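If you want the building blocks of each chain, they are given just below.
2 protein chains.
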Amino acid sequence: MINRKSAAALIIGDEILSGKTLDTNTQTLAKHLVRMGVTLQKTETIRDSVDIISEAVKRLSESHDMVFTSGGIGPTLDDLTYEGVAKAFGLNLLKHEATIARMHEIQPNLVLNEARLRMATLPEKCDAIWTGGLWVPLVCVHNVYVLPGIPRLFSSMIESIPSDHFGDVPPRERKILWCDLAEGDLAATLDKAAKEYDVAIGSYPATNNDSKKLYRTMVTVEGDEADIVIAAAEQLKGALNARYGTV
Amino acid sequence: MINRKSAAALIIGDEILSGKTLDTNTQTLAKHLVRMGVTLQKTETIRDSVDIISEAVKRLSESHDMVFTSGGIGPTLDDLTYEGVAKAFGLNLLKHEATIARMHEIQPNLVLNEARLRMATLPEKCDAIWTGGLWVPLVCVHNVYVLPGIPRLFSSMIESIPSDHFGDVPPRERKILWCDLAEGDLAATLDKAAKEYDVAIGSYPATNNDSKKLYRTMVTVEGDEADIVIAAAEQLKGALNARYGTV
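As given, the protein sequences belong to chains A and B, one line each in that order.
Going by UniProt numbering, the first residue of the first sequence is number 1, and it counts up by one from there.
Going by UniProt numbering, the first residue of the second sequence is number 1, and it counts up by one from there.
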């Protein structure tokens, strides 16, 4: 039995809840955590409010090994994540000199007005993980990782977290089968395999947006033990009208 | 002061948490709720587990006027939403004759095996809202609306909910400004306007994926009172290098 870390994601921003923005950071994070062998247990999307952020950060931090936040660290008054994280742990906010130094170094022409200095005003005693070419710090407070909402920054910065933060365990083994059968016709076979092997089996009907054209159902077989997953997938492939694939 | 209903969304499925699928249903729901004048307060994404679904449904149902679930109502063993919703309210699951009748009528060639009958085994005493051309019911239990995860079904079915369920109130007024200024340079002006008018102001830097090319920051001005929102947006438009737009 591999001891995997558990994670939660906290997506912060009225723009997601009002439909102005499609959140893609959850999927970016989810894919990275799979690669790092961590189990993403849940995600929450919440409004820009210090009290709501603080409550969610505290609760998720206590119930998961790692918490990743997205959004709310810009220069305007609706950016409240640092304040919410500080409140969750009873910390003050302080000017972070290393961030200010990097602002000067990386963007020498940036006017350091009050609004921009808010972006360098961080929970005291936080750690900062730096990403090449960016002055925005990935702020860590206890087990909480604070990331920006902008997808290209989120994506680069998540890659900069050293692998030992995730526990250095191998990813779960995953096999994908593409089937020409409808989900309702293969359910009994999947149920039988799930009971016979120690694997998690998922099945997903093709949707409008799928790029793989020649299937009706995607079946995933996952587990910690590679040989068991492979055996279960082989057995299913024989029992169903299926071929292996990748996503 | 308009009395708006509050809503929460519960996205159910390991495929979202493992990054296999990008959730777009949250945005579809969010946009619809904006049009219907309802405030989406939070969303959660959780694993396929009866206990986890049941806990989340009960808690969100008690704290919000409406709860919308997405996913977990297919024919396979990882589809546990009806079971979770029934458990949340202490209800039994029963064969739903109207759904079976519609299966026969709309898809006469469908083999009604045990797996497919699971899709017609619903929490007792539930209401069903029908969508033209589909046999899948939109199941309502108290204030919980149970929807499928497949985006094209989710989208059609959400449109079939009668408008009086949402409280028949007008949407919040929203104005969008596209600005050539960087977020850090316009923050002080936005803060001043937010204090002067009773409006919510959001600002969002342009990202890689934006289709509007000629701006650096999108500013949104929202509120219940149309004339106040318009006045605040006009004042901002004058103070910033901005033009009105739509999203």
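Any given hint could turn out to be false.
Because identical chains share one entry, a pair is satisfied inside a single copy or across any pair of copies.
[To be verified] Straight-line C-alpha distance at most 27 angstroms; calculated DSSO-like pairs for lysine-lysine:
1. K31 to K125
2. K5 to K192
3. K125 to K5
4. K125 to K237
5. K195 to K5
Since the hints were made in silico from the structure, they are not lab data.
These figures come from a predicted structure and were not determined experimentally.
Are there hints from earlier that the structure breaks, and if so, what are their numbers? Result: hints 1, 2 and 4 break, sorted rising.
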